[in-house]
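Participant: Input sequences plus hints: build the corresponding full structure.
Protein chains: 2
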Amino acid sequence: MFTLLQPLLFLPQTIITFFRIIKTKENMSNTQVYFRKVPTTYPVNGEHIEVVKTPFSADTVELADGDFLIKNLVLSVDPYMRGRMRNQTKKSYSPAFAIDAVLNGAGVSVVLRSKNENFKAGDYVYGLIGWEEYTVVRAAMAGSFQLRNEAKDSGLPISNYIGVLGMPGMTAYIGLYKFANMKAGETLFVSAAAGAVGQLVGQIGKINGLHVVGSVGDDSKAKYLIDECDFDAVFNYKTTNVAEGLAEHCPNGVDIYFENVGGKTLEAVIDAANNFARIVVCGMISQYNLENPEPVHNLVQIIGKRIRMEGFIVGDSAAEYRPAFVKDVTTWLKEGKIQYKEDVAVGIENAPEAFIGMLKGKNFGKQVVKIADA
Amino acid sequence: MFTLLQPLLFLPQTIITFFRIIKTKENMSNTQVYFRKVPTTYPVNGEHIEVVKTPFSADTVELADGDFLIKNLVLSVDPYMRGRMRNQTKKSYSPAFAIDAVLNGAGVSVVLRSKNENFKAGDYVYGLIGWEEYTVVRAAMAGSFQLRNEAKDSGLPISNYIGVLGMPGMTAYIGLYKFANMKAGETLFVSAAAGAVGQLVGQIGKINGLHVVGSVGDDSKAKYLIDECDFDAVFNYKTTNVAEGLAEHCPNGVDIYFENVGGKTLEAVIDAANNFARIVVCGMISQYNLENPEPVHNLVQIIGKRIRMEGFIVGDSAAEYRPAFVKDVTTWLKEGKIQYKEDVAVGIENAPEAFIGMLKGKNFGKQVVKIADA
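Those protein sequences? They're chains A and B, same order as listed.
Once you know that position 184 of the first sequence is 183 in numbering that gives the first Met the number 0, the rest is easy, because the numbers rise by one and skip nothing.
Once you know that position 71 of the second sequence is 70 in numbering that gives the first Met the number 0, the rest is easy, because the numbers rise by one and skip nothing.
Mixed in with the good hints, there may be bad ones.
Chain copies aren't distinguished; within one or between two, either way the pair holds.
Unchecked claim - Below are the DSSO-like pairs computed for lysine-lysine, each with C-alpha atoms no more than 27 Å apart in a straight line:
hint: 1; residue 1: K237; residue 2: K263
hint: 2; residue 1: K114; residue 2: K52
hint: 3; residue 1: K263; residue 2: K304
hint: 4; residue 1: K177; residue 2: K304
hint: 5; residue 1: K263; residue 2: K89
hint: 6; residue 1: K304; residue 2: K359
hint: 7; residue 1: K90; residue 2: K304
hint: 8; residue 1: K89; residue 2: K304
hint: 9; residue 1: K36; residue 2: K304
hint: 10; residue 1: K182; residue 2: K90
hint: 11; residue 1: K369; residue 2: K182
hint: 12; residue 1: K333; residue 2: K369
hint: 13; residue 1: K222; residue 2: K151
hint: 14; residue 1: K359; residue 2: K369
hint: 15; residue 1: K237; residue 2: K336
hint: 16; residue 1: K369; residue 2: K177
Since the hints were made in silico from the structure, they are not lab data.
Small disclaimer: the values here were computed from a predicted structure and weren't measured.
Facilitator: So this is what it looks like as structure tokens:
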């Protein structure tokens with residue numbers, strides 16, 4: 000018996016030693032995702048993006064005055080990031096990623112050490128973080144970070160603060176409240192309807208008395224939107240022709256189109272649009288990975304139908320709309336009036352595939368990467 | 000000498016008899032333009048449109064209560080009429096022309112006989128007239144006619160009342176004042192710039208302090224717009240690539256595009272557009288006679304540049320804007336602040352070629368048909 004039990008007696012100590020090694024090892028490296036090369040179609044992990052383990056010590060990394068060190072908890076992975084993977088010379092609203100630099104995006108993190116009086120150890124912050132486990136926020140960038148200590152005790156998942164309560168949620172909110180001119184009884188169509196923005200678009204539409212129809216690329220997404228999010232109808236664009244889907248589910252035509260995909264879907268919606276329709280152009284994800292974008296042939300209908308098509312960027316109106324957005328959406332979430340589905344990849348090393356999968360429509364719900372627990 | 004002079008003695012009587020015959024003959028027929036067949040590309044005179052001389056007596060044609068008879072003086076020939084040459088089943092903002100019926104369009108006429116108390120013989124009227132010398136306005140349609148006796152003594156050409164002071168002029172006015180959100184110092188680009196709408200667009204732009212650039216299909220039109228209409232720059236799209244023309248003449252980019260042509264020009268303007276550019280979509284004449292419309296490939300820029308593209312129809316806002324429009328434009332014309340060039344075809348029998356020529360860009364200035372003197 001003794002010989003059989005003997006190893007167990009040593010187990011606790013073994014485990015402690017084992018985890019000490021792990022912890023020390025973790026603290027000695029920083030897993031990071033680098034941008035290596037501008038892709039022409041879909042980015043490829045290992046070619047355009049690369050996961051690298053860098054020697055790093057969270058305990059000893061040097062901080063200058065005003066700097067602080069954060070441990071990243073959740074990272075937001077969004078379609079617009081594909082547009083940042085371009086040549087530096089090409090101007091756009093969002094800066095191009097630099098070659099051989101760590102990618103970055105919105106995230107929520109916890110402060111580990113700080114030489115900045117505005118951020119102290121233990122604070123939760125929201126800002127542009129690296130695709131990495133630890134980020135040293137230099138003093139020059141500190142001002143772009145916001146304290147988010149309410150995330151600790153709101154009862155809502157931390158990931159909500161980069162999704163339904165972050166940039167994607169605000170995009171849905173501003174798109175509708177600023178540009179869509181919603182009138183109860185009208186028909187709203189939203190593409191990529193189960194995505195980070197789309198699912199909230201539909202639910203805000205319902206709250207405002209609209210007939211809400213969505214398109215998705217997967218039947219389980221359709222079921223979720225109808226069963227959980229109160230959409231009136233959802234069709235799968237991979238199995239239903241968009242024009243036929245619109246004809247069936249928008250019998251009174253389309254008054255508002257919340258545009259997330261572009262290309263042939265946009266063309267079908269222009270055909271189905273009512274007079275004075277509003278096309279709120281948020282994104283065109285179907286076009287981002289095409290060398291030659293799909294053309295639109297029927298713009299002449301813009302005249303006779305008096306269609307208004309308008310593109311927007313959430314940042315332009317964020318300051319103006321943030322207070323109402325945070326108040327409304329927090330209330331709706333807590334009251335269970337809205338649902339918000341997230342697709343959580345675990346581990347920063349899985350961020351590249353989560354990003355590429357999202358560009359291909361594989362995610363179900365807002366794509367996030369959970370990097371660590373607090 | 001007698002034998003030589005003898006014919007001359009009879010001349011006055013001969014002339015009188017000759018003109019009596021002419022006058023009687025005129026009064027015995029009505030030259031009309033019929034719509035015969037829906038064209039797929041450019042309409043062809045004699046196939047899709049046909050000039051017909053119909054027996055008619057202006058003196059004896061029967062009028063019921065509320066009817067009146069008009070002699071048509073000037074007829075407006077406009078691009079949107081091509082859109083009315085479609086199958087009746089296809090709905091649009093403007094009714095389809097009926098096959099084997101006389102075409103119609105805006106015109107100014109003089110009342111010859113009347114059984115309508117609102118219109119008396121000698122009155123000038125503006126309304127939807129037939130493409131013909133005489134039109135019997137039935138009581139049911141009388142309400143759509145407006146008295147325009149100011150055209151008799153304003154000193155302005157009667158044709159101005161179907162051009163710069165009519166629908167095309169109001170289109171320019173509403174397009175800019177309602178949809179363009181003009182700010183002094185911005186750059187306005189207008190295509191078909193020497194056309195009925197375009198020339199006024201540019202001049203209103205100048206009055207509002209804009210940098211005004213136009214495109215035309217003929218160097219003489221460019222010269223007119225620069226020399227007479229105060230445009231800052233005009234290029235000929237047939238000899239200058241549109242993208243290069245825009246790069247050269249809109250060095251600060253395009254803030255407002257007044258869209259009259261569509262297709263490749265629209266694509267080039269989207270490329271050259273500034274952030275928050277407004278594209279006021281008035282017409283797309285380059286597309287009306289194509290079986291397969293030219294596609295636009297770069298709509299994705301609408302997002303990053305936050306472009307607003309909006310179609311409009313003058314009739315929607317005419318009532319609201321008419322008083323200001325008539326006051327402003329009449330003043331500008333009388334003060335010589337604006338010029339307005341017309342391309343006058345003489346005789347209703349020449350209306351088909353004037354219309355087809357306009358669709359091909361052959362007109363120089365607003366295309367009108369002078370049917371008769373008052």
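Participant: The structure should be examined with respect to each hint, and the outcome stated for every one.
Facilitator: Results for each hint:
no.: 1; hint: K237 to K263; in the structure: within (12 Å within a copy, 31 Å between copies)
no.: 2; hint: K114 to K52; in the structure: within (26 Å within a copy, 94 Å between copies)
no.: 3; hint: K263 to K304; in the structure: both (19 Å within a copy, 21 Å between copies)
no.: 4; hint: K177 to K304; in the structure: both (21 Å within a copy, 17 Å between copies)
no.: 5; hint: K263 to K89; in the structure: both (26 Å within a copy, 22 Å between copies)
no.: 6; hint: K304 to K359; in the structure: between (33 Å within a copy, 25 Å between copies)
no.: 7; hint: K90 to K304; in the structure: between (33 Å within a copy, 10 Å between copies)
no.: 8; hint: K89 to K304; in the structure: between (34 Å within a copy, 13 Å between copies)
no.: 9; hint: K36 to K304; in the structure: between (43 Å within a copy, 25 Å between copies)
no.: 10; hint: K182 to K90; in the structure: between (37 Å within a copy, 24 Å between copies)
no.: 11; hint: K369 to K182; in the structure: neither (38 Å within a copy, 47 Å between copies)
no.: 12; hint: K333 to K369; in the structure: within (22 Å within a copy, 71 Å between copies)
no.: 13; hint: K222 to K151; in the structure: neither (32 Å within a copy, 70 Å between copies)
no.: 14; hint: K359 to K369; in the structure: within (20 Å within a copy, 61 Å between copies)
no.: 15; hint: K237 to K336; in the structure: neither (30 Å within a copy, 58 Å between copies)
no.: 16; hint: K369 to K177; in the structure: neither (32 Å within a copy, 49 Å between copies)
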